[in-house]
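*Asks:* Sequence:
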Amino acid sequence: MGAIWDRITSQFIEIVEWLDDDHETLVWRFPVRAQEIKNGAKLIVREGQQAVFVNEGKMADVFSPGTYTLSTQNLPILATLKGWKHGFNSPFKAEVYFVSSTQLTDLKWGTQNPIMLRDPEFGPLRLRAFGSFAIRVGDPAVFLRELTGTDSRFEVDEVLGQLRRILVSRFTSALGAAKIPALDLAGNYEEITQRVMPIIRDDFKAMGLDVTKFLIENISLPPEVEKMLDRRSEMAVLGNMQQYAAYQMANAIPDAAKAPQSMAGAGMGLVAGMQFGHQMAGMLANTAVPTPAASVPPPAAAPSPAPVAAGGEADLVARIRKLDALMAAGVLSQEEYAAKKAEIIASI
Numbered sequence: 001m002g003a004i005w006d007r008i009t010s011q012f013i014e015i016v017e018w019l020d021d022d023h024e025t026l027v028w029r030f031p032v033r034a035q036e037i038k039n040g041a042k043l044i045v046r047e048g049q050q051a052v053f054v055n056e057g058k059m060a061d062v063f064s065p066g067t068y069t070l071s072t073q074n075l076p077i078l079a080t081l082k083g084w085k086h087g088f089n090s091p092f093k094a095e096v097y098f099v100s101s102t103q104l105t106d107l108k109w110g111t112q113n114p115i116m117l118r119d120p121e122f123g124p125l126r127l128r129a130f131g132s133f134a135i136r137v138g139d140p141a142v143f144l145r146e147l148t149g150t151d152s153r154f155e156v157d158e159v160l161g162q163l164r165r166i167l168v169s170r171f172t173s174a175l176g177a178a179k180i181p182a183l184d185l186a187g188n189y190e191e192i193t194q195r196v197m198p199i200i201r202d203d204f205k206a207m208g209l210d211v212t213k214f215l216i217e218n219i220s221l222p223p224e225v226e227k228m229l230d231r232r233s234e235m236a237v238l239g240n241m242q243q244y245a246a247y248q249m250a251n252a253i254p255d256a257a258k259a260p261q262s263m264a265g266a267g268m269g270l271v272a273g274m275q276f277g278h279q280m281a282g283m284l285a286n287t288a289v290p291t292p293a294a295s296v297p298p299p300a301a302a303p304s305p306a307p308v309a310a311g312g313e314a315d316l317v318a319r320i321r322k323l324d325a326l327m328a329a330g331v332l333s334q335e336e337y338a339a340k341k342a343e344i345i346a347s348i
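Counting from 1, position 226 in the sequence shown corresponds to residue 226 in the numbering used here; the numbering is continuous, with no gaps.
The set of hints was computed from the structure by calculation and includes no laboratory data.
Even glycine gets a Cβ: it sits at the ideal position worked out from N, Cα and C.
Fair warning: there could be bad hints in the mix.
[Claimed, not checked] Here are the simulated lysine-lysine pairs, DSSO-like style, with alpha carbons at most 30 Å apart:
1. Lys213 <-> Lys82
2. Lys42 <-> Lys93
3. Lys38 <-> Lys108
4. Lys93 <-> Lys58
5. Lys38 <-> Lys58
6. Lys108 <-> Lys58
7. Lys213 <-> Lys108
[Said to hold, decoys possible] Taking CB as the label site, the calculated pair distances span:
8. Asn39 <-> Gln194: 45 to 55 Å
9. Ser173 <-> Leu19: 16 to 26 Å
10. Gln194 <-> His23: 52 to 62 Å
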């Protein structure tokens, strides 16, 4: 008789727990099978877990991390569902679901198809974007009811596709409503994130999930727009080179005035500097704007400029010195001095 009783009692579950050995499982159902949970059994809920008791499809009691001795005192909802009016001493059957409440990080999202937007500078654009987000189960009862159902094991991959579609849809709406020019998007990721977060927070909460982080890592422009921006940068460099050549030429004149004995060499340096500036500008212009195909042969190279005569250079310096004297005497204003000096330089 004792052996029979030992065999019967050995079929009762005395410890209910989940040893989570991966980070992909969100819900795991304790395998009761044909066994029953013993009155006074131990329930062990580890950190990062919650346990939910379900009786015949109805949500019962939810347990946070800790160790519990199962009784009518800590199973009030289950006791009501089963009609335990005066406590219970016999084993009972119930489904026990363990839900992971740890944060799932570095989940990826991205646009499978381009997002159509109207930009004030470039017109209609097709943009792509990608980033990452993090979630955790906030309400295990809602999560079980809305997503898991009666699955014995529910992993994050089973819901990840739906979450990504929600994120891309909300991101697209927020990006269009923000009306940020394409060239300013990189500096406004935070503003777009602040527009997206309140919306997706409500969407995920309806499924029992909390969104703990949403990041935009990149919003990319179409290749043709990127090429246009590259050409624009090249043209800006071309303009800077022309300004640099003019600056070098203006600085060469006072240096030549300080060394009159080498006027011919200064003149040669001035002309060579101008020639170098024009050559650099021409080279950059050729790289910035493609040369159309043509059957006409290229023009012959221009002859090298002749050296400036020493006498003519001396006259140039004398005229600039006269301007200096007139400005020092107050006859010419700064604006008039600059204009006259520019005329002299232009006559070279």
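*Asks:* For every hint, state whether the structure bears it out.
*Replies:* Tested hints:
{"no.": "1", "hint": "Lys213 <-> Lys82", "in the structure": "41 Å, violated"}
{"no.": "2", "hint": "Lys42 <-> Lys93", "in the structure": "15 Å, holds"}
{"no.": "3", "hint": "Lys38 <-> Lys108", "in the structure": "44 Å, violated"}
{"no.": "4", "hint": "Lys93 <-> Lys58", "in the structure": "13 Å, holds"}
{"no.": "5", "hint": "Lys38 <-> Lys58", "in the structure": "21 Å, holds"}
{"no.": "6", "hint": "Lys108 <-> Lys58", "in the structure": "34 Å, violated"}
{"no.": "7", "hint": "Lys213 <-> Lys108", "in the structure": "12 Å, holds"}
{"no.": "8", "hint": "Asn39 <-> Gln194: 45 to 55 Å", "in the structure": "53 Å, holds"}
{"no.": "9", "hint": "Ser173 <-> Leu19: 16 to 26 Å", "in the structure": "43 Å, violated"}
{"no.": "10", "hint": "Gln194 <-> His23: 52 to 62 Å", "in the structure": "29 Å, violated"}
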